[in-house]
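**Student:** These protein sequences, in sequence, are chains C and G.
Residues 1 to 111 (this note's numbering) are what the first sequence spells out, left to right.
Residues 1 to 111 (this note's numbering) are what the second sequence spells out, left to right.
Read the hints as simulated data drawn from the structure, not as lab findings.
Here the structure is a predicted model, which means the values were calculated and not measured.
Think of the CB as a built atom: it goes at the ideal place given N, C-alpha and C, for glycine as much as any other residue.
Please note that the accuracy of each hint is not assured.
In the EDC-like style, the derived pairs of lysine to aspartate or glutamate whose C-alpha atoms are separated by at most 20 Å in a straight line are [said to hold, decoys possible]:
#, chain 1, residue 1, chain 2, residue 2
1, C, Lys78, C, Glu53
2, G, Lys26, C, Glu44
3, G, Lys56, C, Glu44
4, C, Lys42, G, Asp7
5, C, Lys42, G, Glu5
Derived coverage of chain C by chain G (criterion: at least 3 residues anywhere in the stretch with Cβ under 8 Å from a Cβ of chain G; other residues may be distant) [what the hints assert, rightly or not]:
#, region
6, 42–52
7, 98–107
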Amino acid sequence: EPEVTQTPSHQVTQMGQEVILRCVPISNHLYFYWYRQILGQKVEFLVSFYNNEISEKSEIFDDQFSVERPDGSNFTLKIRSTKLEDSAMYFCANSLQETQYFGPGTRLLVL
Amino acid sequence: SQQGEEDPQALSIQEGENATMNCSYKTSINNLQWYRQNSGRGLVHLILIRSNEREKHSGRLRVTLDTSKKSSSLLITASRAADTASYFCATEAGGYNKLIFGAGTRLAVHP
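Chain G with its partners taken away, still in its complex shape (with noise of 0.2 Å):
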């Protein structure tokens, strides 16, 4: 089964702008981690929530999981140029297991 899926596919912003990007699952989860990647390069960290928790900030970023909708949210507020990248979400089952990837959402930022 497919787990970890983002929309939108892709999103094209101005720079100040908020944008948003939605990742829903399907089976239960632990955590559910949120990574960047810049054209062909490494995936980057950027936030972790649990599945015991609704809400996390990090600078500019906000993320929220619905665990009753199997749903998660991030959003990053007055974006940059800097931010354009490939974002994705990948979920934890548990025991310090495999991540299962979403598709990614490609956001573009224009100065």
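Just chain C, with the same shape it has in the complex (with noise of 0.2 Å):
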């Protein structure tokens, strides 16, 4: 069965350094999706992305955040200058239909 994968698994960075999380999703695929979750707290929505372009994003997903599929298949989220409170497990999700498939996560400590 087709999966999403995800690079890398973890990553720690210092604050201020710009982060890069790769995403490969499922082929087919039309849909994107980047959540979060802080340990111990639930999954947040970040940002969906469809037909190239961003079609929603939430209050989290500021400044800092870009999105882009930069050959058409892989998916990637940028944090331009991570803060602190920015580490995280980051899930990137993708859909045909309703239903979202998600990544293992890239575990990001920011220190």
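Both chains come to you apart, so use the hints to assemble them.
**Tutor:** Written out as structure tokens, the structure is:
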């Protein structure tokens, strides 16, 4: 069964540094999402992406965040200048219809 | 507003027993999805129930939806130690939109 993959699985960075989280979605899926989960808390929606543009974003998704599909297959989340509070598990998800399939996540630790 | 609140927060049972988890939400939805998360890992989709459905089965899983009460339940029958995980409900308001997750129920199944 096709799976969503994410790289890296873990990333440690210094505050103020830029990070890029990568996702390889299931190939025929059309809708893409990023979510995050701070340790011990709920999974929170960040952004949805369809037809090469953002369709919705949350209050969390401020100017330091951006998403793109640089080569039409990979889906990336960039955090320009990381803050301590960005430490979380970041999940990519995608869907063809209603069911969203999640990747295994990238655990980001900002020091 | 919060959406998709589960109860109980934690549930501890013996193998072979049934586990029931409940989810309440506040706004109108298109569908409600249940996910499982093993400790520190990704989210695994279990089952989706649409707003015009009242009950759905998948293997040992039974999901009900009561849109008049804005609530759903997930029943796992004949539980196994491998069912130990956190279970989340997530609601979708429509149009391949974001999922809004609850805080989850931590299920522990003891051999």
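**Student:** Against each hint, give a clear statement of whether it holds in the structure.
**Tutor:** For each hint, the structure was consulted:
1. C:Lys78 x C:Glu53: Holds. Lys78 (chain C) to Glu53 (chain C) sits at ~15 Å (cutoff 20 Å).
2. G:Lys26 x C:Glu44: Cα-Cα ~17 Å, so holds.
3. G:Lys56 x C:Glu44: violated (26 Å)
4. C:Lys42 x G:Asp7: holds (14 Å)
5. C:Lys42 x G:Glu5: holds (10 Å)
6. 42–52: The restraint on the region 42–52 of chain C holds, since 6 of its residues have a Cβ under 8 Å from chain G and three suffice.
7. 98–107: holds (count 9)
In summary, the structure is inconsistent with hint 3 from the numbered list given earlier, while agreeing with all the others.
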